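Colleague: Listed here are the chains, written in short residue letters.
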Amino acid sequence: MILNLLIGLPDQRPGGLALSVLSAVTAGGCAVVVGILYATACAGAPRLTLVLQGALALLRGIPLLLLIFVLGQFTSLPLPATGFAALALYSLAHVGETLRAYLTTYPQAPRDQARVMAISPVREWLILRIPWTLRRSLDALGTHWISLLKDTGALTVLGIGELTTVARLLSERTDSTQWMVILVTAAALYLVTVVALIRILALAKTRLAGYGM
Amino acid sequence: MVPQVVTQTLGTVTIWLLSAALALSIAVALIAGSLHRHRAPRALADAVITVTRGVPTSLLVVSAGIFAFTRPAPGWLPDPFPGTPASLALVAWAVTVALALGSTGHLAVIFATGYRSIGAARREQSIVLGLDPLRRLRLLTRETAPSTLAPTGARLVHHLHNTAFAALFPVADLFGWVQQRANETFEVGRYAAVGIAGYVALSVLIWAACRGLEHWLRLPATRVAHPAAR
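Listed in order, the protein sequences are those of chains A and B. Its first residue numbered 1, the first sequence is counted upward by one per residue in the working numbering. Its first residue numbered 1001, the second sequence is counted upward by one per residue in the working numbering.
Errors might be hidden in some of the hints.
What the hints assert, rightly or not - Only pairs whose alpha carbons sit at most 25 Å apart, straight line, appear in this in silico SDA-like list of lysine to any residue:
1) A:K205 to B:S1117
2) A:K205 to B:S1147
3) A:K205 to A:G29
4) A:K205 to B:T1050
5) A:K205 to B:R1116
Claimed, not checked - Taking beta-carbon pairs under 8 Å as the criterion, some of the chain A residues facing chain B (in silico):
6) I62
7) F74
8) P131
9) W132
10) A154
11) L183
12) A187
To be verified - The following label-pair restraints were derived from C-beta to C-beta distances:
13) A:L9 to B:P1085: 51 to 61 Å
14) A:A41 to B:P1170: 29 to 39 Å
15) B:P1078 to A:A196: 38 to 48 Å
16) B:L1139 to A:R13: 53 to 63 Å
17) A:R47 to B:P1074: 57 to 67 Å
18) B:P1003 to A:L3: 18 to 28 Å
19) A:A202 to B:A1047: 41 to 51 Å
20) A:R115 to B:V1006: 57 to 67 Å
21) A:T104 to B:S1147: 14 to 24 Å
22) B:L1131 to A:D112: 47 to 57 Å
23) B:D1046 to A:V181: 40 to 50 Å
Rather than coming from a laboratory, the hints here were simulated on the basis of the structure. Values in this document were obtained by computation on a predicted structure and should not be read as measured data. Beta carbons: idealized from backbone N, C-alpha and C, even for Gly.
Chain B with its partners taken away, still in its complex shape (with noise of 0.2 Å):
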């Protein structure tokens, strides 16, 4: 049983990282649109925002399987989920993209509010100071992450429990080998506290990494203390 645990976690995690990587790129690229000069990107990205927080991550999930289902997987595309077979992997995909627009919009939102957070005179500070879009892209994220942090950890949280959406179709995750498993032997008490453990051991690993993130990322000029305190 344990090594099935293993392979089926490090699905759920895969697709977890993959889907969260590429849905904290878009709802970056979608921040970035939302504040661009011109109408028409604006408009683009405020209606991509609207249509990925208001459309479930169960449809979209449903959607992409059922597209990615009938079609053979392309030789070139590479294959990163354990326990998946390799012909399914356009599967895996498709439904890996779907989970990451599950969570672009919200991630989006949470972004967009940490960005009015820190005023006008700031944002406006890290345009005087003439840096590269990357660099200031780091600079704001410092910035701004005292105020996303907490949310972002939530809804990464959130974006874990939707990945057993994945189940739906062939994909090995976590859930799914625990609804197979409980339905193969009745065992529904043991399996499925072997997954409620497994997911409750993840999302405090999502909260614990985030609360670090949060420490590391404090700006230096926070940890001194104030003169009148010294």
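Okay, chain A solo, but in the shape it has when bound (with noise of 0.2 Å):
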């Protein structure tokens, strides 16, 4: 039972945890390239992208689980592909608003350093602004990745064989001694998972903070 959870089953490997933590680090990931990319185009030209942020609110709006079962209607791809797709578009959503919201905030003083020292506006917003960024906003960014990690679970929609549908297929071949004890160890599982992950979180704060970021 235990490896299945895990892993997945024998037919749907990689599945359970593994496929669960795989989805939300390469949604997030993404979400977050993508979400500096968008963050940068609204605070260049906030009015140009009103479209686009207002396209992002209209996402926030939508449920996670509709979102994946209109893609996994509309869309051709595999299940997991249409899954990660979904994942990170919802993840996008909120990424993309918190990083815009605090590359915004950039302080004058840094830009006009960077000026004074003839950095290239490319360079600076590399190694400048968007450290500066990221460091702001890993908070908010680890509450989301959090609670993404566990928004996985809305992939059993689909069908996807990550950990909640792992569980829900076994807790259901099993008899009726052997369901709570299935369902309990996946919530273990999660729980390790995502004690695990504000640990790192915490851990990485704390060394951006000693490079003085």
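Quick one: dock chain against chain with the hints and give me the complex.
Modeller: Shown next as structure tokens:
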């Protein structure tokens, strides 16, 4: 049972917790990269990107389950890819707005210093502005990543074999005394993973503070 | 189609209202527990907060649904869920409780952050005033409202989105209806648009209600202009 919950059912591997973590990390990572580009575009041309900002606000109003369902119906992608795309879009809707909000508060002093030191705008963006924004938004991003890891459970609506789906299938197949054990074990696995993620984020915050960021 | 949408939307609203009210109540109780002077209630409250924050709502709903699905609904159990057969009222209640637990930990953390943000001096003032617990809770709610209402609103919108998990069981809700009608008619775009419009409208209503409450709860002291500004 534990092995199935950790890496998925024998005919659906990688699955279980491994797929949940993989989906969350990949979708969350893609969302941060695209979110930085979105935030940069919004900070550079706020009026020109109003439609984009409106679209992202609309996306935030749509439940992840509905997004997964719609993408599952409209695209011919394999199920894991559809689930991943839905998670990435959902994550982008939240991460993009967070990064935009923090990037717009980037102070004037380091900009002036960069100009005096003849640092090119692209280099300033890469070595000063983006690290500053990521550091400032780490708390908000961390909360979102924890939520995203748990939200991978929504992929169960497409039958993608992540941890919730595996737990659900195993508990439906087993007798009446075992199903609770399976679901409690799955809950414990989520809990341990979330606590580990909280620790990693706290460590990252301390390290970044050590670099004076 | 319109009566069906209305019934299913009412189903979602009912599940949301009941589970959100339950989640808010448990969150307040957990905060009271986590601030208790004895260690045991503090440890218990903190453990419940950690567990409910760490376990996905989807898994809580699946567990509650599987538990209730094979059991008959007791006769005394009220059935406030529009569109859900009375025989499945127990499943609907189980899903509602699971949804509430899914948000409890997050709301408790929001309230705890707000409580800490008002500062030790004002917290002590509220004790020195000698108010009964209910009036003290009311005072503290007003004091912490400016910092807690925005994240609470965001969480309640997320909570609304989580009600879609009810569709994993035969409980009437908007997402379940969208899914069912889209599968039956293959008019995915049409029903998805109805679903998106419904959820976006409800999300905006929650956001607006929280903003309105934020305005209404603003302390009289903050409404008075600063002497220097007069």
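Colleague: Evaluate each hint against the coordinates.
Modeller: The hints, checked one at a time:
1. Restraint check: the Cα-Cα separation between K205 (chain A) and S1117 (chain B) comes to about 21 Å, which is no more than 25 Å; the hinted pair holds.
2. Distance hint between K205 (chain A) and S1147 (chain B) is fulfilled; the C-alpha atoms sit about 23 Å from each other, no more than 25 Å.
3. Between the alpha carbons of K205 (chain A) and G29 (chain A) the distance comes to roughly 17 Å, so the proposed pair stays at or under 25 Å and holds.
4. Proximity of K205 (chain A) to T1050 (chain B) is assessed by CA-CA distance (about 20 Å); at most 25 Å being required, the pair is judged to hold.
5. For a cut-off of 25 Å, the pair hint linking K205 (chain A) to R1116 (chain B) stands: about 21 Å separates their Cα positions.
6. Checking I62 (chain A) against chain B: minimum C-beta separation of about 5 Å stays under 8 Å; hint holds.
7. This hint holds: F74 (chain A) has a C-beta 7 Å from the nearest C-beta of chain B, less than the 8 Å allowed.
8. With 8 Å as the threshold, the beta carbon of P131 (chain A) stays out of range of chain B, its nearest partner Cβ sitting at about 26 Å, so the hint is violated.
9. With its C-beta approaching chain B no nearer than about 24 Å, W132 (chain A) sits outside the 8 Å limit, and its interface hint is violated.
10. For A154 (chain A), the interface hint holds, the least distance from its beta-carbon to any beta-carbon of chain B being 6 Å, beneath 8 Å.
11. Given hint, L183 (chain A) at the interface with chain B, holds; its Cβ is 5 Å from that chain's nearest Cβ, closer than 8 Å.
12. Interface restraint check: A187 (chain A) against chain B, minimum CB-CB distance 4 Å, threshold 8 Å, status holds.
13. Between L9 (chain A) and P1085 (chain B) the beta carbons are some 33 Å apart, a value that contradicts the proposed interval 51 to 61 Å.
14. Taking 29 to 39 Å as the suggested C-beta distance range, the pair A41 (chain A) and P1170 (chain B) does not conform, at roughly 45 Å.
15. Between P1078 (chain B) and A196 (chain A) the beta carbon distance is about 42 Å. The supplied range of 38 to 48 Å therefore holds.
16. Checked against the hint of 53 to 63 Å, the C-beta distance between L1139 (chain B) and R13 (chain A) comes to roughly 56 Å, which is consistent with it.
17. Distance hint check for R47 (chain A) and P1074 (chain B): the Cβ-Cβ separation is about 60 Å, which falls inside the suggested range of 57 to 67 Å.
18. A beta carbon spacing of about 49 Å between P1003 (chain B) and L3 (chain A) contradicts the range 18 to 28 Å that was offered as a hint.
19. Distance hint check: the CB atoms of A202 (chain A) and A1047 (chain B) are about 19 Å apart, inconsistent with the given range 41 to 51 Å.
20. Our hint of 57 to 67 Å for R115 (chain A) and V1006 (chain B) holds, since their Cβ atoms are close to 59 Å apart.
21. About 21 Å separates the C-beta atoms of T104 (chain A) and S1147 (chain B), a value consistent with the hinted range of 14 to 24 Å.
22. Checking the proposed 47 to 57 Å range against L1131 (chain B) and D112 (chain A) shows it holds: the Cβ atoms sit about 52 Å from each other.
23. About 25 Å separates the C-beta atoms of D1046 (chain B) and V181 (chain A), a value inconsistent with the hinted range of 40 to 50 Å.
In this structure, the earlier hints numbered 8, 9, 13, 14, 18, 19, 23 are contradicted, and the remaining ones agree with it.
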